[in-house]
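Trainee: For the protein sequence lines, the chains are A and B, in the order given.
Position one of the first sequence corresponds to residue 7 (our numbering), numbered consecutively onward.
Position one of the second sequence corresponds to residue 870 (our numbering), numbered consecutively onward.
What the hints contain is simulated information worked out from the structure, not anything from laboratory work.
Remember, predicted model here, so these are calculated numbers, not experimental data.
A couple of the hints might just be wrong.
Unchecked claim - With a straight-line Cα cutoff of 25 Å, these simulated PhoX-like cross-link-like pairs (lysine-lysine) come out:
1. 904(B) - 89(A)
2. 78(A) - 89(A)
3. 78(A) - 953(B)
4. 73(A) - 89(A)
5. 46(A) - 904(B)
6. 904(B) - 953(B)
Unchecked claim - Per label pair, the in silico range of CB-to-CB distance:
7. 966(B) - 200(A): 47 to 55 Å
8. 911(B) - 15(A): 22 to 30 Å
9. 958(B) - 230(A): 44 to 52 Å
10. 966(B) - 110(A): 46 to 54 Å
11. 970(B) - 112(A): 52 to 60 Å
12. 176(A) - 970(B): 36 to 44 Å
All C-beta atoms, glycine included, are put in the ideal place defined by N, C-alpha and C.
What follows is the residue order along each chain.
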Amino acid sequence: MRDWQALVAERLGALEGGEARREEVVRELAGHLEDFYLEKCARGFSQAAAMELALAQVSDWRGLTRKIRLAKREEEGMNDRTKGYWLPGLVAFTASMVWLMILQLAIPMRYPWYATDHMVAAHAGSGPRMVSNSGLQIYFLAAPYLCWLLAQPAFGALGAYLSKRGGGEPRARMVAGIFPSIMFLCALSFVFVIAVFVERNPFVFGHPLYFAVILLPWVVLPAAALALGVLPFLREAKAQGI
Amino acid sequence: MIGTGIKRGTAELAILSVLEDGPLHGYELAQRIEKQTRGALRFTLAALYPTLYKMEQRGWVRGNWETSRNGRRRRCYSLTSAGKTKLSPMREEWAELFRALRQLTKVSDA
Numbered sequence: 007m008r009d010w011q012a013l014v015a016e017r018l019g020a021l022e023g024g025e026a027r028r029e030e031v032v033r034e035l036a037g038h039l040e041d042f043y044l045e046k047c048a049r050g051f052s053q054a055a056a057m058e059l060a061l062a063q064v065s066d067w068r069g070l071t072r073k074i075r076l077a078k079r080e081e082e083g084m085n086d087r088t089k090g091y092w093l094p095g096l097v098a099f100t101a102s103m104v105w106l107m108i109l110q111l112a113i114p115m116r117y118p119w120y121a122t123d124h125m126v127a128a129h130a131g132s133g134p135r136m137v138s139n140s141g142l143q144i145y146f147l148a149a150p151y152l153c154w155l156l157a158q159p160a161f162g163a164l165g166a167y168l169s170k171r172g173g174g175e176p177r178a179r180m181v182a183g184i185f186p187s188i189m190f191l192c193a194l195s196f197v198f199v200i201a202v203f204v205e206r207n208p209f210v211f212g213h214p215l216y217f218a219v220i221l222l223p224w225v226v227l228p229a230a231a232l233a234l235g236v237l238p239f240l241r242e243a244k245a246q247g248i
Numbered sequence: 870m871i872g873t874g875i876k877r878g879t880a881e882l883a884i885l886s887v888l889e890d891g892p893l894h895g896y897e898l899a900q901r902i903e904k905q906t907r908g909a910l911r912f913t914l915a916a917l918y919p920t921l922y923k924m925e926q927r928g929w930v931r932g933n934w935e936t937s938r939n940g941r942r943r944r945c946y947s948l949t950s951a952g953k954t955k956l957s958p959m960r961e962e963w964a965e966l967f968r969a970l971r972q973l974t975k976v977s978d979a
């Protein structure tokens, strides 16, 4: 009886991830060759001919080692989810936040950042004023906020483009594109949960629509703007590569 | 006989499609593909395992060691939910490609 594992172990080169990992691959490839050999013998081939055919399964062991090494290395690299969702989403989010930061530094006006002030104040329990109609008007008229909002399609497009390049499906492209809004929603939800369930903030209980009002300018409108930038990247290319 | 380039492109689709019917170990997988394509697609060991490992790292298939009745341990591959999700758009893409090629080359199924 042939020692197929010894045969493979002798020919297969070193793999990353330690000897245990290599042994696993050796055992699997040896099992395949043994199955192949036994099947050929059962079909009437001589043992020598069956052996020759089995060995012909791999013409270049160094090439096979290299291919396995590359395939296994994908684990350490980025997987599809990272390339399709996380990385493009984080790039879009970072770009959007950097733009917001630049605007805040460049135009240090109080009113345009009214909602942020309210949110922080509510979290601190200092009882800020209710967002008024005039406050909402400020959102839509304030130049810095509009500058930030108008740039969102570009960030959405950036996320979707990177996702598409990373092999992301249309759904992944959309998620990556609107990721900045998803992050805003998560942050606001976190503050809301803390304010309601941990601090039991009297201001929040007194103004149940407070967070809903904040969601409109900081989540809903940016999400719509980001989605606008994503749209051109949702179409699948008609051309196919072989 | 189908050329090497096209075979490489179809490898992942073939593996996912065959595993859709149930878990198989590597040799069975190669046999099944060869049988179902009447020999048009043949996987040698050197072609099959790098593809399988790559698909495993991508999370499309999962390999588990199992012991058969004769006591031999084999690695059985099954389709993951990510693999199932991948299969559907992949099929559509290839169907579209085949339609386009049929139109281009005026080759019919008959």
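Trainee: All hints, please: hold or fail.
Mentor: Verification of the supplied hints:
1. 904(B) - 89(A): Violated: residue 904(B) and residue 89(A) sit about 36 Å apart, past 25 Å.
2. 78(A) - 89(A): Holds - the C-alpha atoms of residue 89(A) and residue 78(A) are around 17 Å apart, at most 25 Å.
3. 78(A) - 953(B): Satisfied, since the Cα-Cα distance of roughly 21 Å is no more than 25 Å.
4. 73(A) - 89(A): It holds: about 21 Å lies between the C-alpha atoms, which stays within 25 Å.
5. 46(A) - 904(B): Since the Cα atoms of residue 46(A) and residue 904(B) sit roughly 16 Å apart, the hinted pair holds (cutoff 25 Å).
6. 904(B) - 953(B): holds (22 Å)
7. 966(B) - 200(A): 47 to 55 Å: Taking Cβ atoms as reference, residue 966(B) and residue 200(A) lie about 52 Å apart, which means the hint holds.
8. 911(B) - 15(A): 22 to 30 Å: Taking Cβ atoms as reference, residue 911(B) and residue 15(A) lie about 26 Å apart, which means the hint holds.
9. 958(B) - 230(A): 44 to 52 Å: violated (27 Å)
10. 966(B) - 110(A): 46 to 54 Å: Given range 46 to 54 Å: holds, Cβ gap about 50 Å.
11. 970(B) - 112(A): 52 to 60 Å: For residue 112(A) against residue 970(B), whose Cβ atoms are near 55 Å apart, the range 52 to 60 Å holds.
12. 176(A) - 970(B): 36 to 44 Å: violated (24 Å)
In summary, the numbered hints that this structure violates are 1, 9 and 12.
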